[in-house]
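Student: Residues per chain are reported as follows:
Number of protein chains: 2
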Amino acid sequence: MADEKLTTRAQDFSAWYNELVERAQLAEHSPVRGCMVIRPNGYGIWELIQQNLDKMFKETGHENAYFPLLIPESFLKKEAAHVEGFAPELAVVTHGGGKELEEPLVIRPTSETMIYTMFAKWVQGYRDLPILMNQWANVMRWEMRTRLFLRTTEFLWQEGHTAHETEAEAEEETLKMLGVYRSFAEDFMATPVITGRKTDSERFAGALRTYCIEAMMQDNKALQAGTSHNLGQNFSKVFNLEFQGRDGSMQYAWNTSWGVSTRLIGSLIMVHSDDTGLVLPPRLAPTVAVIVPIYKTDEEKSIVLETADRLFKDLKSKGFRVKMDTRDNMSPGAKYYEWELKGVPMRIEIGPKDVANSTVVIAPRITLDTREEPKPGKKQKLFIAMDALCDAVEDIAGEIQSQLLKNATARRESNSIRGITDYEQMKEILSRDGGFVYAGWNGDPASEAKVKEETRATIRCIPDAEFRSTTAPTKCIVTGEAAKYEVIWSKAY
Amino acid sequence: MADEKLTTRAQDFSAWYNELVERAQLAEHSPVRGCMVIRPNGYGIWELIQQNLDKMFKETGHENAYFPLLIPESFLKKEAAHVEGFAPELAVVTHGGGKELEEPLVIRPTSETMIYTMFAKWVQGYRDLPILMNQWANVMRWEMRTRLFLRTTEFLWQEGHTAHETEAEAEEETLKMLGVYRSFAEDFMATPVITGRKTDSERFAGALRTYCIEAMMQDNKALQAGTSHNLGQNFSKVFNLEFQGRDGSMQYAWNTSWGVSTRLIGSLIMVHSDDTGLVLPPRLAPTVAVIVPIYKTDEEKSIVLETADRLFKDLKSKGFRVKMDTRDNMSPGAKYYEWELKGVPMRIEIGPKDVANSTVVIAPRITLDTREEPKPGKKQKLFIAMDALCDAVEDIAGEIQSQLLKNATARRESNSIRGITDYEQMKEILSRDGGFVYAGWNGDPASEAKVKEETRATIRCIPDAEFRSTTAPTKCIVTGEAAKYEVIWSKAY
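Residue numbers (the numbering used here), protein chains in the order written: chain Y, 25 to 517; chain B, 25 to 517.
Treat each hint with caution, since some may be false.
Said to hold, decoys possible - Derived DMTMM-like pairs (lysine to aspartate or glutamate); straight-line CA-CA distance at most 20 Å:
id	chain 1	residue 1	chain 2	residue 2
1	Y	Lys403	Y	Asp419
2	B	Lys340	B	Glu373
3	Y	Lys347	B	Glu87
4	B	Lys145	Y	Glu46
5	Y	Lys347	Y	Glu373
6	Y	Lys347	B	Asp152
7	B	Lys347	B	Glu330
8	B	Lys320	B	Asp349
9	Y	Lys123	B	Glu113
10	B	Lys359	Y	Asp152
Hints listed in this document are in silico derivations from the structure and should not be mistaken for laboratory results.
From a predicted model like this one, the values you see are computed outputs, not experimental measurements.
In isolation and in its complexed conformation, chain Y is listed as follows (with noise of 0.2 Å):
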């Protein structure tokens, strides 16, 4: 089983992810339907998620806090759309303490109705306002079909709740967490991503506006990758989250929300990956580079363990996140073979040789454009001398980082098909490759229905304007009517 190749993603892309996520021990599911175990892989990748938006939101001015796990019902009712979209995804608890309960409590899809029934006790007057809060916290939403990341009964994700003053405010923090979200996606994830808005029937439930950072995967499928929303009043009306105004009226707050979701680490890897296993972008990576040392006598074991060994506390101690592989049951060929699979971005072999001449192989995870091109039909191999081992993994570190972000980019925009005016066109290229179609929509839902119906893609955004088409679609592409607005039609996860 764990010489076996995995599928390729040419074979079968599905396929592939499933035997990628199990075989990298990333998470795997769990005797509760449709609730997966994150493994120590999968789950090391979160933390650096968290840790690193984390700090982004603290930036920002956002604090965390903690709210309840459970919500009554009745809660949930208050805002007519927001109950709509979620009634059908909950999980109930009747009893609790040995007892049926007066009234059934739901754990939470989402929190808007908790946290903004808590703001409207701690808000007086608009000296009190902002809010600007932010929770990291698991929820649950009942899915019929779960995919491991991607969908999945329980997931853990962030969620911002913010309340303002002004319409004005609220709409400029739900841009700010979206380009939050988009400096992530691009800077740690490797990842480009269209940043845009939502149509009607693709918003929130109970939200004005919702925005989205949309990625391209691999198999061309469109993946929303975060979202962040102006919640307008619609809450706020609802919970009686109201405050004094500077002109003394009693007002309501303007909300908004914004998360994302262990779903990433889905898009990390349907990005990234290749038949080898888990490709990592470096700044996301529990383990950055692993040491392997290479011997076959007892004597070349000494020598090369000692000086590895030197290299390896040398890495740790500047805070490399470094692994030393000293297994005795293992080929090296074997050890290279599984730290290819669980997406190390870079290998440090180190020989009686390499001890010889002061020098380490670094076989990086991707071929770098930034190096020497590889012999045909062999890998990318780096020699770096022992004294600039440190700088040499920080520089190669970071070329993968960015060839990472230039490769996935090239593949997006080489699978984005602008210019077409043919639903049939349109219709055939989202039957065989796929890829984000840019055309026009006359804003009706019922031309975005029938596309989802007949090629079950939907519209992923209306593109903000630096994703535009140079020239705009006059005409909607599926009624030949005029265009009000050029979008994105593609299959998605």
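Starting from the structure of chain Y, add chain B where the hints point.
Tutor: Just chain B now, kept in the frame of chain Y:
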């Protein structure tokens, strides 16, 4: 309200605690019975607890993972003692996705049953051991009487779970993690703790042996601050956690589990805080120092703010958790009051004279033995040269940290009673001031139960050797029979 004084500890310790938690905005009750909202001031303490403990767990070789919130009811029933202990406290999900579930799912009260089910899948041979895992999670135990942080239906915690090849390794792990908890309590919480073993009646449901750290609060009651369990093979046998041993035979693994929770925040409050408000050890204080600029005229304001801002940025850039309070609608006195209530370990005052002299005044939250004694009725104020501010903040933070541990240790020692042999005398002590009564016990649960019934005190632990009296008690204080152990009797949270 904000300016009302807190009830004093002497007047009503319990009311003091509740008022402090609310007014320092640490936590409050939510609309869901027994579930709390942890506000940013409280959650910030939890984040520091997490960060520092997590580092200690990783340094001792543990990895984080995440297991499902929901557990099939049948899993819990597999270990007889375990289900007996937890059944009365369960929250039960009976409906999901609009349908009644075939088997009810319980919200995890603790995760042994789920985690060892998964371990059983991952372990084949002795080479797969040990497994050293930890999870940070929310858990739920339906409590009848709840108090913020101390006993809530939902709480946050970490639960470590390990599997080992031998009984000796499991015992070593159990005691190692107890040692980690003790170090954390002393070094970060500035709280002296007794380490010891629980009697059978206080043992974790399903454990072979439960070890604990016990702290003394300012009302002389004990608080169990952390537990570490040697689970033996109790769970591995019922969850088929077997492995092929070095001799080729199939063997059951040896498990341990260990946890601390948001209860630690309650302990921090009750060990250190005073009638003015919260007192926090600097290492767990979200804000270590707050700068309060003092001025009357606009001219003074501009001079003072410029300097204060420079000092603020300097401290911040050096990694100090520092705040600057520039609110214009509050007097310095009102600010002092607020930050003392909220437990910031030191205040840095800067006025026009200070700017002229290139000094600041630091007011530590508690009186330091290491500094000049304050004049009678006055608080300690330290005059610090601006160019030595960073070093001074670091030094003073260290002095506060040490002083708190010293004060708490002295208080515990003066309320520890040894050498008592008369049961009536013990009853009298427990009914009056309380404290830790060290006395003999015959090892019989019946005598333990009698004391509990008559005094509400329990055996907190059979203390480790270093905490025992130099002369061991020879007789059981309850029955007069030969003492099997020296134990600590105390009322507890």
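Student: Each hint should be assessed against the structure and marked as holding or not.
Tutor: Verification of the supplied hints:
1. For the hint linking lysine 403 of chain Y to aspartate 419 of chain Y, the alpha-carbon distance of about 19 Å falls within 20 Å, and the restraint holds.
2. Pair hint lysine 340 of chain B plus glutamate 373 of chain B holds up; C-alpha atoms about 17 Å apart against a cutoff of 20 Å.
3. Between the alpha carbons of lysine 347 of chain Y and glutamate 87 of chain B the distance comes to roughly 14 Å, so the proposed pair stays at or under 20 Å and holds.
4. Using a Cα cut-off of 20 Å, the hinted pair lysine 145 of chain B and glutamate 46 of chain Y holds, with the two alpha carbons roughly 13 Å apart.
5. Proposed proximity of lysine 347 of chain Y and glutamate 373 of chain Y is supported: the alpha carbons are some 12 Å apart, at most 20 Å.
6. Straight-line distance between C-alpha atoms of lysine 347 of chain Y and aspartate 152 of chain B comes to about 18 Å, which keeps the hinted pair within the 20 Å bound.
7. Taking the CA atoms of lysine 347 of chain B and glutamate 330 of chain B, the gap is near 15 Å; set against the 20 Å cutoff, the hint holds.
8. Between lysine 320 of chain B and aspartate 349 of chain B the alpha-carbon distance is near 15 Å, which keeps this suggested pair within the 20 Å criterion.
9. For the hint linking lysine 123 of chain Y to glutamate 113 of chain B, the alpha-carbon distance of about 10 Å falls within 20 Å, and the restraint holds.
10. A threshold of 20 Å between alpha carbons decides the hint, and for lysine 359 of chain B with aspartate 152 of chain Y the separation of about 16 Å falls inside it, so the pair holds.
Hint compliance for this structure: no hint is broken.
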